[in-house]
Structures are given as C-alpha cells and as structure tokens.
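Sequences are here, hints too, so could you generate the full structure?
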Amino acid sequence: MTDRLLLKGGRVIDPGRSVDADLDLLLVDGEVAELETRVAARGAEVIDVSGLVVCPGFIDLHTHLRQPGREDKETIATGTRAAAAGGFTAVCAMPNTEPVNDQAGITRAILEAAAREGAVRVWPIGAITRGSKGEELAEYGDMREAGCVAVSDDGRPVASARMMRRALEYAKGFDLTVIDHCEEPTLAQGASMNEGAVATMLGLRGAPGAGEAIMVERDVLLAELTGGKLHIAHASTAASVDAVRRGKARGVRVTAEATPQHLLLTDELVRTSEYDTSTKMNPPLRAEEDRQGLIQGLRDGAVDCIATDHAPHTVDDKKVEYDAAAFGVVGLETAVALCLDRLVAAGLISLGRLIELLSTRPAAILGLPGGTLAPGAAADVTVLDLSRRHKVDPARFHSKSRNTPFGGWTLKGAPALTIVGGRVAWGHGR
Amino acid sequence: MTAPAYPHRHLLGIEPLEASHIQAVLDTAEALREVLDRPIKKVPALRGKTVVNLFYEASTRTRASFEIAEKVLSADSLSIATSTSSVQKGETLLDTAKNLEAMNPDMIVLRHSASGAAHFLARHCRSAIVNAGDGAHEHPTQALLDALTLRQRKGRLEGLRVAIVGDVLHSRVARSNLWLLTKMGAKVTLCAPPTLMPPGIETLAPTTSRIEEAVEGADAIMMLRIQQERMTGGYFPTLREYHARFGLTEERVRLAKKDVLILHPGPMNRGVEIASEVADGPYSVILDQVTNGVAVRMAVLYLLLGGAEAA
Ligand SMILES: [Zn+2]
Chain A
89 MTDRLLLKGG
99 RVIDPGRSVD
109 ADLDLLLVDG
119 EVAELETRVA
129 ARGAEVIDVS
139 GLVVCPGFID
149 LHTHLRQPGR
159 EDKETIATGT
169 RAAAAGGFTA
179 VCAMPNTEPV
189 NDQAGITRAI
199 LEAAAREGAV
209 RVWPIGAITR
219 GSKGEELAEY
229 GDMREAGCVA
239 VSDDGRPVAS
249 ARMMRRALEY
259 AKGFDLTVID
269 HCEEPTLAQG
279 ASMNEGAVAT
289 MLGLRGAPGA
299 GEAIMVERDV
309 LLAELTGGKL
319 HIAHASTAAS
329 VDAVRRGKAR
339 GVRVTAEATP
349 QHLLLTDELV
359 RTSEYDTSTK
369 MNPPLRAEED
379 RQGLIQGLRD
389 GAVDCIATDH
399 APHTVDDKKV
409 EYDAAAFGVV
419 GLETAVALCL
429 DRLVAAGLIS
439 LGRLIELLST
449 RPAAILGLPG
459 GTLAPGAAAD
469 VTVLDLSRRH
479 KVDPARFHSK
489 SRNTPFGGWT
499 LKGAPALTIV
509 GGRVAWGHGR
Chain B
3 MTAPAYPHRH
13 LLGIEPLEAS
23 HIQAVLDTAE
33 ALREVLDRPI
43 KKVPALRGKT
53 VVNLFYEAST
63 RTRASFEIAE
73 KVLSADSLSI
83 ATSTSSVQKG
93 ETLLDTAKNL
103 EAMNPDMIVL
113 RHSASGAAHF
123 LARHCRSAIV
133 NAGDGAHEHP
143 TQALLDALTL
153 RQRKGRLEGL
163 RVAIVGDVLH
173 SRVARSNLWL
183 LTKMGAKVTL
193 CAPPTLMPPG
203 IETLAPTTSR
213 IEEAVEGADA
223 IMMLRIQQER
233 MTGGYFPTLR
243 EYHARFGLTE
253 ERVRLAKKDV
263 LILHPGPMNR
273 GVEIASEVAD
283 GPYSVILDQV
293 TNGVAVRMAV
303 LYLLLGGAEA
313 A
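Residue numbers (our numbering), protein chains in the order written: chain A, 89 to 518; chain B, 3 to 313.
Any given hint might turn out to be false.
Said to hold, decoys possible - Covered by chain A, according to a simulated footprint, are these stretches of chain B (three or more residues, beta-carbon under 8 angstroms):
no.: 1; region: 93 to 105
no.: 2; region: 108 to 117
no.: 3; region: 121 to 133
no.: 4; region: 137 to 145
no.: 5; region: 200 to 208
As the list claims (entries may be wrong) - Only pairs whose alpha carbons sit at most 20 angstroms apart, straight line, appear in this in silico PhoX-like list of lysine-lysine:
no.: 6; chain 1: B; residue 1: K73; chain 2: B; residue 2: K189
no.: 7; chain 1: B; residue 1: K51; chain 2: A; residue 2: K406
no.: 8; chain 1: A; residue 1: K479; chain 2: A; residue 2: K500
no.: 9; chain 1: A; residue 1: K407; chain 2: B; residue 2: K100
no.: 10; chain 1: B; residue 1: K73; chain 2: B; residue 2: K51
no.: 11; chain 1: B; residue 1: K73; chain 2: B; residue 2: K156
These are computed hints drawn from the structure, not numbers from a lab.
As the structure is a computational prediction, the values presented were derived from the model and not from experiment.
Idealized CB from N, CA, C, for every residue including glycine.
Below you can see the structure in the form of structure tokens.
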C-alpha cells in the first residue's frame with residue numbers, strides 16, 4: 089500500500105529552481121514524485137488546489153515549543169499544531185526549555201515526543217553552552233548525532249567573546265551553525281522596551297539598538313576569524329542588518345533572520361496600546377528607521393529569512409505591570425498571513441521572494457531536507473490562498489498561548505493546506 | 003449642553019490632557035482652596051463616595067495630601083500601604099485590585115514603582131483611577147500643584163520661562179511638568195548631566211547640560227531630587243562634582259529673573275542639587291505647595307467623582 093497524494097491545478101512556485109507555473113504535484117511515499125503540467129491520478133488521493141499557490145513547505149528557524157518543562161505555555165503537540173495551522177511544515181525548536189536542551193538525552197526525548205505527537209517536523213537546536221550559562225561548551229558531537237541541527241543559547245546572549253569564538257570553532261567540526269541572540273547584556277540591563285523618545289515618554293527603561301548591533305559586529309568578526317557558520321537570530325535594527333550585509337560582502341559565512349513583528353511594528357505601539365504587554369518582546373520593537381532597515385534587508389538579501397520567534401506565555405506571565413511581564417509573542421499562526429498581506433500585497437517584496445524567505449533559505453541555512461519541490465525531495469508542501477480574508481482571532485489559536493499584538497487585524501491571504509511527508513497535517517476548513 | 007470641562011474618567015497622566023482640561027482642574031482647585039481657610043474644613047461634596055489610596059511606594063507627603071483632600075470633601079477613604087497589607091506577601095497588583103473591587107470603590111489612587119501601573123489598573127478595574135506617581139512615567143497631581151503655585155505667584159503660565167534641573171532621566175515629576183507647562187504655553191528648558199538626560203527628550207523641549215544656560219532669565223526653576231540610589235549608580239563621578247557643576251547655588255540663581263520662584267518636590271539633598279542658602283532663601287514656595295497640593299487633589303477628586311453631577 090503506497091501513500092499517493094496529487095495536488096491538482098495549482099500555481100506552483102519553487103524559487104530554488106525558478107519554477108512559477110500551473111502544474112500538478114504528485115507526492116508518493118513521503119517524497120516529491122512528479123511535477124508536471126498534467127499528472128494522472130492513477131489511484132492517488134486528489135486535492136483540487138486550483139486558484140491556490142503551491143510551495144515547498146515553510147520552515148521556521150526560531151520556535152519555542154517549551155517542552156520539556158513549561159508545558160503550561162506550550163507543548164510539542166500544541167506548538168506543532170499551531171505551526172501546521174500557520175502553514176509551517178517544520179519548526180526548529182530553541183533549546184531554552186527546562187531543562188535546557190544541552191545534551192543528547194534531552195534532544196532524543198524531544199524527537200521522540202515529536203514523533204509521537206508532532207503535527208509537523210521538529211528540528212531540535214542544542215545549547216551553545218551547558219545550561220546556556222555561557223561558561224562551558226555543550227557536547228555538540230553528541231547532540232548532532234542525536235539530531236540537533238544547530239546550536240544557540242537563545243534568550244541569552246553569549247556574553248564572552250572568547251566563548252563565542254570557541255563555539256564557532258568547535259561547531260565547525262560538526263557542521264553546525266551557531267545561532268546568536270545578539271544583545272550586549274550590560275546595555276540592556278533592566279530594559280523592557282527599545283531605548284528612545286517613546287521609552288522616555290512612557291518612563292520605561294530602554295535597551296539601545298546599539299546593544300544588538302555591537303554583538304552582531306562582534307560575531308561577524310569572530311565568524312571571519314574562525315571560518316565558522318553564524319546565524320543572527322531576530323535582527324531588529326538597521327545597524328545589525330548593515331553589519332551582516334558588510335560581512336557577507338567580505339565572504340563571511342553569516343546569515344540573518346527577521347521576525348514579522350519587527351518587520352511590521354515599532355516601539356510607538358507600546359505607547360498607543362497604553363502599555364499592552366503583548367507588545368513586550370526581546371529584542372524589543374524598534375524605531376521606524378530600524379523597521380525600514382529590516383525591510384531593505386529582505387529586499388537586497390542582507391536578511392536571509394523570516395522566522396517567527398514564536399514565544400508562548402501564559403496569561404499570568406503577561407497580565408501584570410509592563411516591567412514585570414514576560415518577553416515574547418506567539419507567531420506561528422499569524423506569520424504567513426501577515427507577510428502575505430503586509431509585505432507581498434503591500435508591494436514590498438514579491439511572492440517568490442517571500443517563499444524563498446520562508447522555505448528555500450531556511451532549509452539552505454541549516455541544511456535541512458525540504459525547501460524545494462525537486463523530485464526526490466521531502467514531500468513537505470505549503471499551499472496558500474491569496475484571496476482569503478480573515479480576522480486574527482487569538483481565541484481560535486491552536487497554540488496554548490494567546491500573547492499576540494496582532495489580535496483583530498484583518499488580513500488578506502492565508503495558508504490553505506499544510507502537507508508534511510506527503511500527508512495533510514492541516515487544511516483550512518478540513 | 004456643553005462638553006464637561008474635564009471629560010476623562012481617570013487621571014493617568016498630563017500627556018493625554020488638553021490645555022482646557024488642565025485649566026479646569028486649576029480653576030476648580032482655586033475655587034476649592036477657600037474651603038481650606040475656613041474654621042471647619044469640611045464640605046459634603048463627595049459624601050457616600052469611597053476612595054482607596056493604594057501606595058506601593060512610601061510617600062508620606064503625597065499620601066497625606068490625598069487623605070486630607072478626601073476628608074475635606076467628606077469621601078470615605080481607606081489607605082493601604084505596602085508595609086501593612088498583603089502586598090508584601092507576593093500578591094500581585096491585579097489580585098490586590100480585584101480584592102479591593104469587592105468593596106466597590108469609586109476611585110483608586112495608586113502610587114507604584116512600575117511605569118504604566120495606573121494604566122494597568124484602569125484596564126482591569128471598574129473604579130476611576132488617579133495616578134499618584136508611576137515609575138518614571140508621570141506624577142500628574144504634582145505637576146498640577148506646581149502649576150497652581152506658579153499661576154498664583156506669576157498670574158499666568160503662558161510665556162513663563164521655566165528651567166527643570168536635575169535627574170530628568172528617572173523623574174516622573176519632570177515628565178508631568180514638561181507636558182503641563184508646554185501645553186499651557188510656558189517655555190521649558192531641561193538641564194541635567196548628559197547621563198541623566200533621557201534619550202529622545204530633546205524632541206519635546208530644549209536641553210542643556212549647562213545649568214547657567216538653563217536658569218538664565220528664568221521665571222521659575224524646578225529642582226529635581228537626586229535619589230540616593232543614583233548617587234552610586236555611576237551616572238556621575240562624585241556628589242562634590244555634581245554640586246559644583248549642576249547644583250543650584252546663589253550665584254546661579256542670580257542669573258535668573260529677580261523674582262524667580264524655586265520649586266522642589268522635596269525632600270531636598272542640601273549641598274547636592276541645591277545649596278542650603280538657596281533652599282532657605284526668599285524664593286522658596288514650599289508652604290504654598292503643601293496647601294496647593296491639597297487643593298489640587300480636592301479638584302481632581304471632585305471633577306472625577308462629583309463634578310459631572312454638580313455641573
Ligand atoms: Zn532570542
């Protein structure tokens with residue numbers, strides 16, 4: 089008995105192979121089998137996707153699934169269901185769980201849970217340092233063998249330059265990319281938003297954008313020094329993007345991601361929302377010049393991909409004074425629709441570029457299966473409906489958490505179908 | 003029917019107010035001030051209204067001022083301070099507020115160390131909220147009482163030149179005063195060592211780190227307190243140098259107008275932000291400020307709780 093699924097009549101866009109045409113896509117036993125003008129069903133289950141856009145599955149390089157340890161915020165089951173409903177076929181799970189994913193045993197436990205309960209693929213990211221404390225290297229070799237696809241101490245910056253240097257060097261031995269959350273810790277101390285006129289008016293302590301760019305500059309120089317592979321998590325300032333751009337021009341192995349929230353919102357929202365804690369995140373929402381710098385980066389390639397930094401928190405973590413609230417927003421169920429409406433329909437980037445940013449490039453950055461619809465590739469497919477209008481309703485999220493600043497936004501364009509390994513993981517209205 | 007003079011349900015800050023709203027509070031305070039000179043300082047304006055003073059930071063002056071205002075207007079009031087309540091047992095601001103709501107208070111007066119705490123209560127409670135100081139954000143009744151004092155002594159606010167000098171970075175008083183004075187047409191100059199000047203504030207008012215420049219020709223000088231924890235926070239090297247470069251001395255006061263007024267939200271650090279001779283000099287309006295503080299808080303209570311019916 090073979091698994092055969094035929095997506096018929098869609099517009100297929102596969103930027104990695106410069107495909108943009110009306111084609112039928114046949115998936116057999118978890119792989120792409122045929123991509124042709126017309127493919128006969130021959131016993132395959134047929135889904136009519138005419139009027140829809142068929143792309144290689146979207147991959148989120150930056151997800152917090154919270155399991156193990158903070159299952160009150162999210163679990164692998166709920167987080168991957170949110171991913172599927174948001175059009176993602178794979179998520180990279182950040183290691184700042186409790187305990188931190190800093191050894192092979194924890195990595196294996198995450199993968200076992202994902203195999204049991206996961207709606208989409210889960211690629212674990214291991215810690216850079218033991219317990220993400222920034223002091224001693226974690227066991228990259230063992231974690232790589234167990235299934236980690238990168239290392240990161242996300243949530244905490246690697247404060248010591250020497251530690252970061254060692255990580256970039258040691259990771260080379262296992263072809264692992266080091267993902268850094270760039271934040272100079274002494275400049276960000278006690279901050280709950282971006283430093284600037286808005287923070288001044290609100291009386292909130294701010295973290296200057298320079299605190300991020302300093303670390304991006306440092307890391308790019310260290311990647312140059314060591315030849316290691318560096319990926320900048322959630323770049324939020326124009327200066328960070330510029331540092332990456334200059335590094336790339338010199339041939340440094342550096343890539344960067346930006347989140348929809350930093351691409352679409354600014355610190356002004358903290359003021360207009362009157363201290364709504366769903367605007368609190370780290371890095372914080374920045375100034376308009378920074379937002380423009382990120383968009384420019386998407387257009388010229390300095391920014392390689394869009395990642396969600398999906399960071400679920402309970403109501404209790406957020407329903408407190410602004411200073412006391414947890415950092416982070418959920419993003420898996422809003423990212424794709426936001427990008428379709430506010431980046432593509434708004435004319436800032438093409439649809440092809442968006443697919444590159446959400447699929448082709450994330451797969452390439454970490455060397456993950458997927459990111460292409462070439463025959464033989466993993467049968468991970470995201471189908472988009474560019475005309476569906478909907479209102480973001482946090483009450484209907486699959487995620488356990490509701491902490492989003494986008495509630496109530498009306499968006500045009502949304503995921504329609506998410507296929508993982510040749511099987512439907514989620515479908516709108518299915 | 004005309005729009006009410008003060009159309010807001012809360013007093014969360016000066017920033018959202020229009021000049022006419024500020025005018026209404028000051029005029030009401032002026033009218034109510036007379037009550038404080040009577041032998042029996044009590045009117046029934048807010049009889050049957052319940053006010054809770056919820057103070058998460060020690061503040062004898064502000065709390066006493068609100069309590070007196072509440073008594074004079076015959077409101078039933080209750081004060082809760084951190085040292086005497088469950089606040090210290092780890093109860094959250096939201097829990098406390100929800101518990102208080104069971105008493106169905108008409109108003110909560112809140113002092114809290116977190117900026118935005120008053121907005122937070124306003125979002126989650128039914129009562130009218132008066133911000134009695136939230137973090138480094140705003141302290142609206144302090145600005146209103148300063149304005150009342152200035153208006154009484156100078157006859158106007160419009161066109162006055164006012165220097166605000168000291169730790170602007172951490173000061174909610176500076177922010178509220180800046181909003182209020184700017185809205186009322188005064189010309190404000192901010193002065194602080196650059197380490198204590200908040201980024202971006204130059205979009206709201208001219209700034210300088212030279213106190214001589216700030217006070218020159220000033221009608222009023224508002225001194226901000228250097229708090230103990232800032233003295234060791236690495237913002238400036240020594241208290242001696244702070245006083246020498248940024249302190250208000252007799253010599254510097256002479257650069258201002260002859261009839262300059264000096265306001266200080268107290269308590270003062272003599273020999274740090276202000277020299278003793280200046281603190282004890284003829285420019286001080288501290289006693290006015292105490293009386294005006296009560297009058298302004300009476301006005302706020304009255305406009306938020308009784309004004310609509312009275313008008
Ligand atoms: Zn991070």
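(message) When I compare C-beta atoms, does the region 93 to 105 of chain B have three or more residues closer than 8 angstroms to chain A?
(response) holds (count 3)
(message) Does K100 (chain B) sit within 20 angstroms of K407 (chain A), going by the straight-line distance between their CA atoms?
(response) holds (13 angstroms)
(message) Taking 8 angstroms as the Cβ threshold, is the statement that the region 200 to 208 of chain B is covered by chain A upheld or broken by the three-residue rule?
(response) Check passed, 6 qualifying residues.
(message) K51 (chain B) and K406 (chain A) were given as a pair; does the straight-line alpha-carbon distance stay at or below 20 angstroms?
(response) Violated - the C-alpha atoms of K406 (chain A) and K51 (chain B) are around 32 angstroms apart, more than 20 angstroms.
(message) Need the status of pair K73 (chain B), K51 (chain B): alpha-carbon distance at most 20 angstroms?
(response) holds (11 angstroms)
(request) With a C-beta cutoff of 8 angstroms, work out whether three or more residues of the region 137 to 145 of chain B approach chain A closely enough for the coverage to hold. (result) holds (count 4)
(message) For K479 (chain A) and K500 (chain A), compute the direct alpha-carbon distance and say whether it is at most 20 angstroms.
(response) This hinted pair holds, its Cα atoms lying about 9 angstroms apart.
(request) Check, residue by residue, whether the region 121 to 133 of chain B contains three or more positions whose beta-carbon lies closer than 8 angstroms to a beta-carbon of chain A, and give the verdict. (result) holds (count 4)
(message) If you count the residues of the region 108 to 117 of chain B with a beta-carbon closer than 8 angstroms to a beta-carbon of chain A, do you get 3 or more?
(response) holds (count 3)
(message) For K73 (chain B) and K156 (chain B), compute the direct alpha-carbon distance and say whether it is at most 20 angstroms.
(response) violated (30 angstroms)
(message) Need the status of pair K73 (chain B), K189 (chain B): alpha-carbon distance at most 20 angstroms?
(response) violated (36 angstroms)
Comparing the model with each numbered hint stated earlier shows that hints 6, 7, 11 do not hold.
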